[in-house]
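Participant: Residues per chain, in single letters:
Protein chains: 2
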Amino acid sequence: MGKTPNRYIDIDPWKIRETGYHAAESQVSESLFSLANEYTGVRGFPEEGTTDRSLLGTYYNGLYADAPDQTETGYRGITKKVHYMINAANWLKTEITVDGAPVVLSPAVRGFSRTLDFRTGELVRCYRWTSPVGNEIELTFARFLAMDRPEQNYQRIVFRAVQGNPNINVRMSTDFSIVHWGRFNFWTIEAGASLSGRTAMIGALPNGQRLFTGFRLAISESLSTAEFRLSKGIGQAFSFTLSEGTSRRVDRIVQNQVEKAPDTAAGDLWERGMAHLSDQPGYEESLQRNVGYFDHLWNAIDVHIDGDAKDQQGIRFCLFQLAQTYHGFDPKNNIGAKGLTGEAYSGHAFWDTETYGLPFYLFSAPDAAKNLLLFRYNTLSQARERAKELDLKGACYPIATLNGYESCALWQHASLQPQPSTAVAFGIDHYVRNTGDEAFLAAYGLERLIEISRYLLARGDYNPDRTKFGFYGVMGPDEFQMMVNHNAYTNYMGMMTFETTLKALARIQKNWPDKYLEVIAKTGWSVAETTAIREAMDKTYVPYDPETKLYEQHQGYYDLPHVDIKKIPEQEFPLYAHWSYDRIYRNDMIKQPDVLMFMFLHNSRFSAAVKLANYEFYEPRCIHESSLSPSIHSVLAYELGKDAEAANFFEFATRMDLDDFNRNASEGLHLTSIAAAWVNIVYGFGGLRSDGDLLRLAPKLPSRWRAYSFHLVYRGVELLVAVDATKIAITADRELPVPIMVDREKVLLSAGTTVFLR
Amino acid sequence: MGKTPNRYIDIDPWKIRETGYHAAESQVSESLFSLANEYTGVRGFPEEGTTDRSLLGTYYNGLYADAPDQTETGYRGITKKVHYMINAANWLKTEITVDGAPVVLSPAVRGFSRTLDFRTGELVRCYRWTSPVGNEIELTFARFLAMDRPEQNYQRIVFRAVQGNPNINVRMSTDFSIVHWGRFNFWTIEAGASLSGRTAMIGALPNGQRLFTGFRLAISESLSTAEFRLSKGIGQAFSFTLSEGTSRRVDRIVQNQVEKAPDTAAGDLWERGMAHLSDQPGYEESLQRNVGYFDHLWNAIDVHIDGDAKDQQGIRFCLFQLAQTYHGFDPKNNIGAKGLTGEAYSGHAFWDTETYGLPFYLFSAPDAAKNLLLFRYNTLSQARERAKELDLKGACYPIATLNGYESCALWQHASLQPQPSTAVAFGIDHYVRNTGDEAFLAAYGLERLIEISRYLLARGDYNPDRTKFGFYGVMGPDEFQMMVNHNAYTNYMGMMTFETTLKALARIQKNWPDKYLEVIAKTGWSVAETTAIREAMDKTYVPYDPETKLYEQHQGYYDLPHVDIKKIPEQEFPLYAHWSYDRIYRNDMIKQPDVLMFMFLHNSRFSAAVKLANYEFYEPRCIHESSLSPSIHSVLAYELGKDAEAANFFEFATRMDLDDFNRNASEGLHLTSIAAAWVNIVYGFGGLRSDGDLLRLAPKLPSRWRAYSFHLVYRGVELLVAVDATKIAITADRELPVPIMVDREKVLLSAGTTVFLR
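Those protein sequences? They're chains G and P, same order as listed.
The numbering used here puts the last residue of the first sequence at 992; the count rises by one with no breaks.
The numbering used here puts the last residue of the second sequence at 992; the count rises by one with no breaks.
These aren't lab readings, by the way, just hints derived from the structure by calculation.
Hints may be right or wrong, so weigh each one.
[Said to hold, decoys possible] Footprint (simulated), chain P over chain G, 3 or more residues, beta carbon under 8 angstroms: (1) 691-700; (2) 714-720; (3) 801-813.
By construction, the Cβ of each residue, glycine as well, lies at the ideal position given by its N, Cα and C atoms.
In isolation and in its complexed conformation, chain G is listed as follows (with noise of 0.2 angstroms):
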């Protein structure tokens, strides 16, 4: 755990702020500066170019290629064709000349500073530059995403002439020829064309997909421009000479339509793009628009922290890249484990998402989480064909996605590992439990839960004596842990999988008994199921020995050579980079939470005690080569009442990637790691548990800080938890229909303000 921040952004509660030119950083600034809204996501790349090191990425939520190239090997079930979501078009390229020498970001600027707001979401980027000439120029460029239009974004760039009458001259253009990780660039150019002050192409992928991306520029002095192109690109061109002193402002008003049905014809979408872009408000406008939004998110989602200012910006920051990369726009997309911001892990979710991702949506915006666990109910088609590729039944989710389909081709983790799947059963019952949305399951639930149930049973099977039921041959979230038999993680989920199915079969056949026959009509569901399950949950073998309290993480566990971690040399980290492959995988080291992953998620199953000894036991043999890991160490360490070994994990939770901490924040945002640190806060410090029957809060105050708040939606009843040395204070805008736990002690919660003293 000993990793150093390598800290150079400016300290601020509502922004993140680069004052002078880091160079060095350049790449990582380019992903902490990173805008979204949930539709498209750009990187904080300087649009004018540099001299430095760039990810130039843009990229659209849903947009993929599959590889060209396919996996050599050609055993069945393994996944021949991976996609990803790929670097599209850059809508901000711009090409500047000062006095005829190009203007790019480089050390030799001055006076620069970046800024991004998280109460617009403006990016705003300034320095001064002077021409070969002796010209001196500043440049101010800024752009930000709409939020609540989000096919509408905005370029603005002044030119300043402090000394001199520069001579200037700029091409705006819209590019698709990027060449997607150094490889391919996947477009083909259907249209391009201006047309009343509206320049716009339209780029194909192979799978059919389109992207419209126009433009209209709104100069502060009228101009007049000319088209140019380039090789996949379009934009227009103009020139002028500022009078020392003056300055003129460009904005760039751009719409973005991606049209995902193949069937659409070009010209609909021309049209429509053309018409958007027409009606599109000005940049003032529509910035004005997002503060609006930003206010109201924050009035819903802030985590207020006293006493720790890098804590205090960390945690915003962390929420407002959450909030930008996934709000529930579409039920179609996901949150990927870089979310928009790079296309390392090549834009794919994980099984993150309903695990470490859903709480914050659960409670901030029940409909956001909802429309996010509707992805998998989007993808079932897929979930089942990939069963059938595995010889199985039912549906098997997948464990790297963008369109559903299977995008792993390590077969040792997209065969082995079922977790995604017994995820997506808990997701469902997690978000049922805390927003009672009965009509969920039985609508959207149901199905899935009889088809994961049935994917579980066909791949799970029964010693020869046919006394324990349990998964052979799987890999547990724990990944040092390759092809293992009985998982404990994997035996449990899986038995909870089947008690949630088996108690969502009896609730929606009692309460909406037609959609219970509709459901078990589609899926041709029978009795001898329901026993089947029944049975294999009554015989799921979980290895656990009472006198030790011990969940032994899989069968043979302990036989294991053992590793003294702490004797690994800290520069022999990340330990893929540096170990060989298989050496990696035999001895009892832990990559991330097994046994205390499955006693987070189903903290109530458990008592103290075990959940102590299997702490005990188990973090001492982990080296969190998961940015997932350390925060679920932390919640449990604070439930156990080791406030400083919680404090210590905490450490970086909320500023991983502010402060770089695994140095590859260059690559892109820890994006489920910025949910998870929503989660150490609010059920570490805040002590909530919501997988029981009543949700309970335990708030503590870290001694990092003198008073903490942070907000809940819970029932429809927003709630605000303000916690300081001497009490808790629970605000509810209404009335709570149901008791909650706070502390040891079952409470109704009425509306206004009720104090817990300590």
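Given the coordinates of chain G, work out where chain P should sit on it, guided by the hints.
Facilitator: Just chain P, lined up with the frame of chain G:
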């Protein structure tokens, strides 16, 4: 085991013959009629072309290319680039037109026959064809490879005018434009010219290896020829008209020179090749040398079978192909799984060489056996590099290789299967034990044993309380149990390797002290290491239950779900093609012998009762999805008195390819299975046991035969073992210096025949 023959080859004790053209089997015939002489191999393809399926394959032992593609995954220790034996230059290419129409082999030909004679190595193919103008011609194509001067190859074509006066045009060339696997041509042409009747070309591979291939023509009546060029080839063309009833013979005398040293000047190679070509004898003279070679060979290796003509032909075909593939010509050669008869398995050699292939050579031609073992000595440095790649010490031998480097990109095999290394140690011990060649052990054995033991010590580990040493995260010979701990085979063979190493250290220290000191110094071997391998040996855990007498295949095997393999529908075999990859690995089904394999290799260490218990437990769980599996089961079944079962396993051992039981002979011959057929007869029926202190013979007469005999070379003495219903007669060419066991009797054989009555 329900395999059925597909037989179209005539039964004959000394040849294989196809009578009438079997177009549907065109590619199977190409494999069966393959020629090789260890240096080079050529499939029995029709040099004039065909309308039917054809794999036009010509191979040179050790000529290889690195795959242009790289393994996608960047994990450490995973093979990044594979290499493979390439389909090289076609020196047989012949284009023929008769009366202007091209002649190719097709179902339209008449009177077709194709014969390969085991006593000459000559392949002769003959058919008649009528030209569009009604002239009938008979074509005879013959070829052979010189066995004792393997650079010398020969082709003969005889044209006979049966009816009319056909006009014949012939273009004979050498062609480097072969596209390997339909993807790449690797050759760069460095030289090509015709000079004083010799036409030759040099091609170079990306790794710097080169091939000179040249020819001169000998035509029965002298004719003028004209040089022509192909894109990567060169040839001579000529025309003539035959009068009815006359014939003309064209001999192509071919010289091939493989140059593996990249720094050899092309000029030198050219001079050498051209000079050899001039000196090379003609077709008849060279064929007579081949007859002498095979006379000698059959006198040394023949297995005579009285009572089953199919078995007789089958075993001679096996021995013929084995001798063609490898006869100890070059200690840098090895035996590929398909020999030189096809590019399936990439020409790679596997652990089969030391376990299945070695015994035939050890008891037929000990010098060849020695050279075969030297391959691993000559590639020790590559094995050392491989161990480093895996973060280990010592030498780790590759699972698949041509040049000593690991060429298996499936990490689960390349990183998890230590058996190539333990097989190398076993092979050294097996050779030294049966030849008494201690000088070999001192010069070429000890260093390898040390480095292999070092590797095993590093790859293995102790359980937490340090009571058990063994291998974690391994795959044994049974590749259906992919990543297990304490695999009995791996642990047992590791333990035996330690024992062999400790004994060799003591023996060489005593008998070859200078060599001992040299090896110790060279390897830096320490006393601490001797202590460490002794401790590991003593503590090696081989899971055994004295109650049941069973070895557990690996820790936890008994707990796996049971699959009744008899209930798997026949159409689901081979399982790799019909079951999803991971499905194969999560039950107690076995691919090939694992526990039974170490009981075969170290036969004398186990009591009959133990062997019986394990045979009866594991055999019913084995699906024999390896061509190497039935022979081992057959040998053990004979030993255990299960004669009918043994005969059943032997059923297709000698005719696996001749009758195309696996329906894939089209890809090439199963060379290591061919070796196993010899093992099946000599170890099975003959009861040979060569792993103990004394050589043992315990021949039985299988009910299908009246009598049989086989040859053994042992301690420099040539033995002929002849078995019939009443006796075993062992003829020794001189007195055997050491006793052997015959059945349960210890005997000293004098020169001449000793008879043991039944």
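Participant: The structure should be examined with respect to each hint, and the outcome stated for every one.
Facilitator: Now for the hints, and whether the structure bears them out:
1. 691-700: It holds: at least three residues are needed, and the stretch 691-700 of chain G offers 4 whose Cβ sits within less than 8 angstroms of chain P.
2. 714-720: holds (count 3)
3. 801-813: holds (count 4)
Violated hints: none; the structure is consistent with every hint.
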